[in-house]
Every structure is written in C-alpha cells, then in structure tokens.
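Given chain A, put chain B in place with the hints provided.
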Amino acid sequence: MAGKNDVILEMRHITKRFGPVTALDDVNIRVNRGEIFSVCGENGAGKSTLMNVLSGVYGYGTYEGDIVYNGEVCKFRSVRDSEQKGIVIIHQELALQPYLSVLDNLFLGDERKKGLAIDTATERVEAKKVLEQVGLDVDVDTLISNLGVGKQQLVEIAKALLKNVKLLILDEPTAALNDEDSERLLKMIDHLRRTQGLTAIIISHKLNEIAESADEVQVIRDGKTISHISVDAEHPLDQNILIRDMVGRPLTNRYPEHTSHIGGEVLRVEDWKVHHPLDTHRLVAKGVSFNVRAGEIVGLAGLIGAGRTETAMSIFGHQYGVESSGKIVLDGKPVTFPTVSSAVEQGVAYATEDRKVYGLNLLQNIRENTSMANFRHLAHMGVIDRVKERKIAQKYLHEFKTKAPSIETPTGNLSGGNQQKVVLAKWVSTDPKVLILDEPTRGIDVGAKYEIYEIIDQLADSGSGVLMISSELPELLGVCDRIYTMSNGIITACKKADQTNQEELMRYMTSSVPISKEDVFA
Amino acid sequence: MTDSTATTSKKEVTQQRTLKDMLLANVRSYGIFLALVVVILVFQGLTGGRLLTPNNVVALFQQNAYVMITAIGMLMVIIATDIDLSVGSVIAFVGGIGAIAMRDWGMNWFLAVIIMLLIGLLIGAFQGFWVAYVGVPGFVTTLGGMLLFRGLATVIAGESIPVSDNTFRSIASAYLPNIFGFWGNLDGLTVVVGLVCIIAYIVLQFRARNKAVKNGLQAEPTSYVVLKCVLVALIGGYFTVLLAQSGNETSGGIPVSLLIIVLLIAIYWFVLNRTVYGRNVYAIGGNRRAAILSGIDTRRTEFCIFLNMGFLEGVASVITLSRLASATAQTGQSFEMDAIAACFIGGTAVTGGIGTIPGAMVGALIMGVLNQGLSIMGVNAAWVSVIKGLVVIFAVAYDILSKRSKH
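So the protein lines, in turn, are chains A and B. Position 286 of the first sequence, counted from 1, bears residue number 285 in numbering that gives the first Met the number 0, the numbering being contiguous throughout. Position 31 of the second sequence, counted from 1, bears residue number 30 in numbering that gives the first Met the number 0, the numbering being contiguous throughout.
In short, the hints are calculated from the structure, not lab data. Here a beta-carbon is modelled for each residue, glycine too, at the ideal position from N, C-alpha and C. One thing to keep in mind: the hints can contain errors.
Rough simulated footprint, nothing fancy, chain B against chain A, three-plus residues with beta-carbon under 8 Å [stated by the list, open to error]:
(1) 144-158
(2) 324-330
(3) 334-341
(4) 345-356
Now the in silico label distances, taken between C-beta atoms and shown as ranges [to be verified]:
(5) B:198 / A:386: 20 to 28 Å
(6) B:134 / A:145: 38 to 46 Å
(7) B:386 / A:387: 47 to 55 Å
(8) B:215 / A:189: 42 to 50 Å
(9) A:386 / B:237: 29 to 37 Å
(10) A:333 / B:198: 57 to 65 Å
(11) B:36 / A:78: 55 to 63 Å
(12) B:386 / A:78: 35 to 43 Å
(13) B:19 / A:411: 41 to 49 Å
(14) B:135 / A:387: 32 to 40 Å
(15) A:411 / B:52: 57 to 65 Å
Mimicking DSSO-like on lysine-lysine, the simulated pairs with C-alpha atoms at most 27 Å apart in a straight line are [unchecked claim]:
(16) A:390 / B:19
(17) A:128 / A:150
(18) B:213 / B:227
(19) A:402 / B:19
(20) A:326 / A:355
(21) B:402 / A:355
(22) A:326 / A:285
(23) A:84 / A:326
(24) A:127 / A:223
(25) A:127 / A:165
(26) A:387 / B:210
(27) A:432 / A:400
(28) A:390 / B:210
(29) B:227 / B:210
(30) A:387 / B:402
(31) B:210 / A:394
(32) A:400 / B:210
(33) A:162 / A:186
(34) A:387 / B:227
(35) A:84 / A:127
(36) B:210 / B:19
(37) B:213 / A:390
(38) B:402 / B:227
(39) A:150 / A:127
(40) B:213 / A:402
In isolation and in its complexed conformation, chain A is listed as follows (with noise of 0.2 Å):
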C-alpha cells in the first residue's frame, strides 16, 4: 500500500448552498492514494452534494472551496471533465440501460469505433478483460433488465474501469444488495486497489461494511466534517463511536425495547406455490408455510433470490408470477385474495419494498398518499370525506414524527425515512390484521430507522401481526419475535428471534433443507 503521505485527493473550505439551505458548511476531506476512504453520516447530512461536487455534477463556480486532486487544483465543469482526471462515480440509482446489452452499456457514451461504424470486435476483446476483474461472468451480450442487481452494479464498475478510474466514488453500492453480494462487492474493489492501486470513497449507511472495509472514515453531519476514524488491524471501528458521531448523540440502543404480547393465530399461509412470470415451469415459491400471530412480529430471512418478495407479492392480490396455488387462513377461516383490494378489504396490508416505484405517488402530497389505500373507510358512495382525510393523514403525520411542514407536502420533496413513514401510514390507516413489511428501512439513515422500528412495534402493540421482510439480519433479530428463513424458495427454519444469532441464519438462509412440517407453525 501507498505511503500515509500519498495524497490523491484534497477537497479544501468546501461550501455548497442552494438557494438558502446550506448542504455543505466548510467540508474538508483529505484522501491517500490507494485507501478505502469511507463517508459517513445520516441521510441528508451531505454526502452525496459532497460528492456531487467532487465529480463535476454541481460544476465549478457553483461552490466556495478547492479541489486538489494529484496536486493541482481542479475546476471541473461536467461529469466528463472528472471522468478525464479518471474520477468515475456511481450512484446510488445504477444509470444503466436496461434495454441495452452489457457490452452497449459498458461503451455507452465511449464508443470504440472504426471510422463511423461501432468496433464491436474491439469492444468485445476489451469487455472480457475488464469484466475478468471485476468477477462477473455473463454473456456480453446478456440485457442489463436480465441481470440482478449485484451484476448490474459490477457492470457499473467495470465500466468506471473501462474509464480507466483512479478515483471510484461508491454512493450506497450495497444498499440493494445482500450480504453476500455486498461481500463480494467489497472483496472485489479491496482486490481492485491492491492490484491496480485504485482509490475508493464509500459512501454507506452499513456500518459493519465500514468497519470491515475501511481505512479511513469520515463522517460528515448537517452539512459539516465532525470527525475523522483510522481504522487499521490494531484500531478497529468503534461503531457506536461512529453511531454517536453521525447522529449526534449516543445511541446506547438502536432497536427499542419492546415486549410482545403474542395472541391467537391471525395469519397462516399453507404450501404456497408460485411460478416465475416468463419461465412458467420454475417455481419461485416450492411450497411456503407460515404463520403470524396477532401482536407478534415475525421475520422472514433469505439472501436476494430466495423468493421472499415474490411470495409475498403472490400472496397479496397475485401481483407477482403465475399460477399460484397453496391455502391462506385468515382468523382461523379459508380465504383468497384475488385482487389487491380484496386482500385489503381482509385485513392485508403489503408495504412493498422500493418506495419510490411501488409504494408512493411522489406527484401527490402526503394526505393523497395516505389515504390512497383506505377509500373504503373515507368516502360515501364514492365522495371523499375530506375533513376526516385530512384529520387521519394529520393524525399519522404526528404519530409517526414524520417531518414535513404539513401534510400537503408532496411526497418527493420528503427525505428517504419520511418517504417510508408516510407509506406506513397509508397501510396502517386501513387498520390491518396483517401487515406484511418488505424492507422497511432500506436506505434509510439511523434515527429515521429507530423510529420505523418504534411504529412497527406501536403496531404489533395493537394487535395486528406483522411479518417483516430484512435483508439485514441485526434488524430481524432486534426487532422480531419470530424469524423464518428462505432459501431457493422454501422455508429452511423457524427460529425464536432471542435463541438464535446472526451465524446460524446466514446456514439456514444458504442450506437447501426443508423445515420439518412439525416445527414451521407456531
């Protein structure tokens, strides 16, 4: 590794404002060559403005400050003028075509060409090479819609590679992927800067990530550098130094405490079978059984591809594959939902993973979009009852702590956490039996998760069950009475959430054998 001296990067007094809210408040960062340079701190502290302005997005004269990149002072004016230093960044949104094969999009932009025509023998012979180094195997040829998303980002990075990239800038890589993936992820880029001395700013909100992977953190809070963490074999990270640093007051608990309450069964799913939407013949779910009492919140567990969501999904209204089979009980009596709103009518209540493409309307404000679900509560032969629209969504507003100026604020202007609150409380409003949560707290910063976590168990306190999708196991076992593991579409084990540990899931989560039909109710 390069020398502590080796400075590749210094961003000097940076202040970024828009219009009258400060983002960045005289940032100061300081990066060696070849290190893991990780950036640190709650959504909206001013991470990605930070890097934002590193990469030429917010171009030169739009902020006060330096940039001192290899010793000379940078002035980029466009993405392009970074991409030539060799500072590729990579959002947290992949900006790839989905449509287009991995060889069009890894020389989207940047062509090889001989005379008008596109080189494609040249660009295969390149692509090989580049995606050898970043571990992915798959036909160039492949579409991008085809891949998962753990591929879809080594794409990404095999294109910032093709860039010929010193500087890699990592917005949230791992946000959409499971640990196993992101292992790999980080695995791959710790290789890349060994063998290629490349240099990577991280940008995560998953701490154990960070004290595996980084040699230098820096957290950054409203807008300001407020420390700076060396890690190395000797120190390794404090994450509660690290939690108390970001959020500005120490987290002694970062999941509630809360003692369930667990009542009769309210939910329980028998041998559910569903097959994938285009390749009829796999099952995706092989038969899943489980069940969740009232009050109780129960977990279910599995890498990415364990067919969690599409079961879920199948379940709620068939709005995921075909040809699904199996026997739902609710409240001890057979029922169907053959359409969302009969499930909803139930008493199911599905809080979809991904807010922004399935969970809210970002044109419509917080009241449209809390009362989107419950018309059958708020309206009379079809007219809204508006006073009482707007005293539910206030109602909901206050409770959840969500912040905004008021409940007619449209819902794209609201932070990540304050997204999600308002899509609780569209599902919680339609006071459900069963409220089936999947992912709640992706991409969400820490206080905004603690306080999901409090709703969720405000929830479970009032008698309804909740079933929890998490590809974050600290969350399931903080949070849930009961966890399930899923594994390729069947459940592997059946777990009490305080006699088990991280370990023994992840070998559930990877094993291949089928829970005993004795042990899958409780």
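Showing chain B alone in chain A's frame:
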C-alpha cells in the same frame, strides 16, 4: 415535555401562514390566470377595445365551447398518461348520426341529442376496452379510432346532411330566456345569476375557512381569503355586466353553450377533486404500480376515463352540429389538437399525474382569445396557426424551466 411544546408551537406557526406565503406558494397555479389576463389586455389594446365587446365575449365562448368541453375529458386522459387522437373524427361521426336521426329517422331534437350522447358513450367504451382491458396504448387505440371514425363519418355523411330543426340549431346560438326582462340595457337574469354566483363564492370561501379552523386544520389567512373574494367579485362583476349587455333587443345575456360549459366544469371539478374516482385518475398517472398495489382498480378507472371522454365528445358533437347546422365528413379536423394544446398550455404535465380543470379551461381560453383577437385584427388563418403552435411550445417550455429552477 419540551418535545411536545416544541411541536405545538411549530403547529401554530404553520397555521398562521401569512398572505405573502400563500401568494408565493400558489404563484405557479396563478401564473396561468395571469397569462390569460395579459393575453386579453394585449389584444384589447391591439384591437382597439373590440375584443371585449359584449357580443365578442359571447362569441368567444360559443366558438370555443367544443375546445373547453373536450379539454375536460382530454385532461383526465393526459393525467392518466394517455392521449386521445380521435376527438375530431368521433365528433364528425356522431354529428353525422345525429343529422341522419333528425332528417331520415324523423327523430325530434331531444331524441337526437340522447342518441348522440349514447353513441359517444359507446365509442368511449369501445376505445376504453382496448386501452384498459387489452392493453393497447391509448396513442395507438385512438390513432386507429381517428382513422376508423373519420372513415365512418365519410361513409354516412360523405355529402353534407343539413339540420333543419330550429330548436337543435339554437343550442349553440341561443341565450337563456330573459325571464326578468331587461333592466336598462342589462338582461335581468344575467345580473341575478352573476350576483348569486359572486355571493355564493364568498360564502363558501368563508365557510370552508371556518370549518378548517373549527377542526383544528390548517387554514388560509383571512387577508388571503378577502383578497380572493375581492378579485372574484371584481372580475365576476365585470364579466356579468359584459354578458348582460350582449345579444339583441329581444334576447341576450347568458348563452346556452356557456351554461353547458359551466355545468360540465362544475361537475367534473367535483369528480376530479372530491371523488375516489378523481383521486384514482391522479394516482394512476403519478405511479401506476403504486396505485395497483394500493388496491386501486386501474383498469376500471382507465376504462371510465375513455368512457367519459366518449360522452364529452358526444356533447361536443351536439354543440358543433348545432353551430354548423349541417354534418359533413370534414367536421372537427384537428379538434383533438386543440384539446391537447389547451391542456398543455394549462399546465398539465406531459408525463401525466398533474393537471387541473381550471388550468385546462384557461388554456382553452388563451387559445380562444388568440384566435379571436388575431381574427379581429384580420390576421391570416395560416399565421394564427403559426402563433398558436409557438404558444404551445413556449407554455410547456415555461412549465419545464420553472420546475427546473425550483431545484
């Protein structure tokens, strides 16, 4: 308990929004009204005051009734991220049927109107079926409909069919009867209706505000409500006086077509803003996946949007047939473009999810004033088209640029 005091004091602050906040917050929605006022003033100047003579104002509504009516339906179609290209063709076809019903089938004017509305609904159901239940994009379905119904219109009305029924012909040109007689040169009924509307507006504004205060919800500041009422009273009063002076010695005041327009605006404003159906239209346009996963029957909603579009095309074809007094295959050429343009000028988002009826109506009026002002000035129709085209582009560009500057 510092926490709770902090939130209550914050609530008080947000409840006492000032007049300035309200004006700034709504500047975008008022921008379009301001644009209309500016356009009117400019042409009032350019035409030497001839734009706002009583009879020209009446003509403005009579000539643009079809745009305003079809723009209401088009608005919902565009909000739901679709488009309807078949408006003109459908109006020609339905008009042809109506004319035949009266001439050849011996129907009276009332039955003919009913038949035309029913045919409109049927066409709406036909197009809605393909879009909502089969999944053919609206652009393609209505492109097909445009060719299909223009063809059918030519089959049934290849030679123009005259309409002789005087009652039918008067729908587009008649005034409401002046039951209160003339007060000086003012039509009594118009004055009464005008005053009632203004008073009703003021009462409703204050009632809504009181209700909000009573329920502890956020209320508009009094000064803002007063300002709105004063403006509405002034503009409404001026408009009432203009209308009351219109017509001739025996009849005048409120044209029937204006009554139809106002009724439709009121009904559809209610539907779009106060009903579940209206909310669903916006929900589909803003995020279709989220709407489906919230239990909204997006197919039925989409079907109803086209069904409703068909109905409004029926209404527009009644007015158009009545105005032209004969059905021809060429009737309604590019009417769909007028409706689409009105929506876009009125701030409807090209990508769906955003749009209001007042906006679309003002958009239609801006186009109407442009048309009328330029024709009073004697500008060639070709140049009128050029100017209208530029206005549409500028309007949408303004919309996009103002959104961009907000970020």
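Right, here's what the structure says about each hint:
1. 144-158: violated (count 0)
2. 324-330: violated (count 0)
3. 334-341: holds (count 3)
4. 345-356: Contact hint for the segment 345-356 of chain A vs chain B: holds, 3 residues under 8 Å.
5. B:198 / A:386: 20 to 28 Å: holds (24 Å)
6. B:134 / A:145: 38 to 46 Å: violated (22 Å)
7. B:386 / A:387: 47 to 55 Å: holds (48 Å)
8. B:215 / A:189: 42 to 50 Å: Violated, at about 57 Å.
9. A:386 / B:237: 29 to 37 Å: holds (35 Å)
10. A:333 / B:198: 57 to 65 Å: holds (60 Å)
11. B:36 / A:78: 55 to 63 Å: This hint is violated: roughly 43 Å between Cβ atoms.
12. B:386 / A:78: 35 to 43 Å: holds (40 Å)
13. B:19 / A:411: 41 to 49 Å: Because 24 Å falls outside the window, the suggested range is violated.
14. B:135 / A:387: 32 to 40 Å: Given about 39 Å between the Cβ atoms, the range holds.
15. A:411 / B:52: 57 to 65 Å: violated (46 Å)
16. A:390 / B:19: At roughly 26 Å apart (the allowed maximum being 27 Å), residue 19 of chain B and residue 390 of chain A satisfy the hint.
17. A:128 / A:150: holds (16 Å)
18. B:213 / B:227: holds (21 Å)
19. A:402 / B:19: Given that 27 Å is the threshold and the Cα spacing comes to 23 Å, the pair holds.
20. A:326 / A:355: This hinted pair is violated, its Cα atoms lying about 31 Å apart.
21. B:402 / A:355: holds (20 Å)
22. A:326 / A:285: holds (13 Å)
23. A:84 / A:326: At roughly 59 Å apart (the allowed maximum being 27 Å), residue 326 of chain A and residue 84 of chain A break the hint.
24. A:127 / A:223: violated (42 Å)
25. A:127 / A:165: holds (20 Å)
26. A:387 / B:210: Distance ~12 Å between residue 387 of chain A and residue 210 of chain B Cα, so the pair holds.
27. A:432 / A:400: holds (23 Å)
28. A:390 / B:210: Cα-Cα ~13 Å, so holds.
29. B:227 / B:210: At roughly 18 Å apart (the allowed maximum being 27 Å), residue 210 of chain B and residue 227 of chain B satisfy the hint.
30. A:387 / B:402: violated (32 Å)
31. B:210 / A:394: holds (18 Å)
32. A:400 / B:210: holds (25 Å)
33. A:162 / A:186: holds (21 Å)
34. A:387 / B:227: It holds: about 26 Å lies between the C-alpha atoms, which stays within 27 Å.
35. A:84 / A:127: Judged against 27 Å, a Cα distance of about 24 Å means the pair holds.
36. B:210 / B:19: holds (23 Å)
37. B:213 / A:390: holds (12 Å)
38. B:402 / B:227: holds (25 Å)
39. A:150 / A:127: Status holds; Cα separation ~15 Å.
40. B:213 / A:402: It holds: about 24 Å lies between the C-alpha atoms, which stays within 27 Å.
Of the hints listed earlier, those the structure fails to meet are numbers 1, 2, 6, 8, 11, 13, 15, 20, 23, 24 and 30, in rising order.
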